[in-house]
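Kindly generate the complete structure, drawing on both the sequences and the hints.
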Amino acid sequence: MKGEPSTRKPGPWALPRQAGVLLGLVATLLTAPPARAESGDTTVSVETTVGKDFRAWSVLGDVELRDGATFLTLGYTGARPEAGTALTHQLSLGADQVLGDHWLLSGIISASLPKDTTVELVPERPARRLPAVDASTGYASQGALVALAYDSAGFSDVELGVDASVSLTRHPLSRELLVTNAQGTTTRFAREDILWAARPGLGVRLLLGTRWELGARGSLSLYSEDPLSAGQFTEEEQAALVRRVENAVETRRVLRRYQARVNKDLGTALARRMADANATAGIPTAPSRFDVRPSLTWKPGRDVRGQVSYAFTRYVAGEGWSHLLGTRWTVKLGAPLRVWASVALQEDHLEAMDPGEAPSRVRSGLVTLGGEYTF
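Start counting at 1 in the sequence shown, then tack on 190, and there's your number in our numbering.
The set of hints was computed from the structure by calculation and includes no laboratory data. Heads up, the beta-carbon is just placed ideally off N, CA and C, and yes, glycines get one too. Just to be clear, a hint being listed does not mean it is correct.
[Stated by the list, open to error] Label pairs and their computed distance ranges (CB to CB):
(1) Ala317 - Val482: 23 to 31 Å
(2) Pro390 - Glu314: 47 to 55 Å
(3) Ser326 - Leu404: 41 to 49 Å
Laid out in structure tokens, this is it:
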């Protein structure tokens, strides 16, 4: 079936300090002599996504091991949900196996490096001999994904593609209270929870003639426990902290902001392969419950394709939902090089944190730039 296989979808890219490296790589690719792809070639993709405070970036390498049948994929993806949070780094290793003329079997294992997000709860007051108190939350993950895709691979006016996938990820989530004074930093409290996340997904593509393609994709996220409470401070632990500080009201406000930041951080960490955080899927501001993504693709010629897509994401109970409308355009510059750009607008409807408060709306814009070169 014509079109870009879903198994070749690159992930996100972007950090201000990496911008020069990315531009340099793209410039090198643009000046490289054209070449025709042969069996055994290696394909390298880079992509960067930028929002108001959000940054994401990825590098993906695809190596053909056996002529047109077996492929090995190596990837690195990183993300920073917002300023002040630690970077999330994820490594992945995957394999694709073509089964006959219509089927493709894919498998991916991934792991994210341990990271910590620290927020100051109580500033140090040397005059009163009161130490500073910080809250720290740690993340890591180890996961696997299996996908099976079918493609009618014919030449009729209507062709069909279907794929199904399921992933299982283990998330060790830790939390600590750190007390800092003139003598140094002491850990007063430390706990760790294990959160399991399963995500089945289904996608359908319908090719209408040679120029139009309809697509739809959806997924459901299942958790071993409430992802909003796993790895976070319990109400009893928060109450114990508030009793120990001087300004209880301000401490509660800080804890609330801290929880909102952790939810956004965790939403990105729980995204499948973290490649879901880009201008066609949006930025998860909290762990998702399910999402639906219809799309329409137009191919005016062999070297240009444009896509308009919509995404609806329902977050877990108490966190609201989001709408996203985006467009992506891909241009083929000779046989070895493709480049693409995406823009999207996202609106999050966040439910009130306290009874009596009105739900809030948060609007944000996203831009994604990427390129792919075959050696």
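Quick rundown of the hints versus the structure:
no.: 1; hint: Ala317 - Val482: 23 to 31 Å; in the structure: violated, 56 Å
no.: 2; hint: Pro390 - Glu314: 47 to 55 Å; in the structure: holds, 48 Å
no.: 3; hint: Ser326 - Leu404: 41 to 49 Å; in the structure: holds, 47 Å
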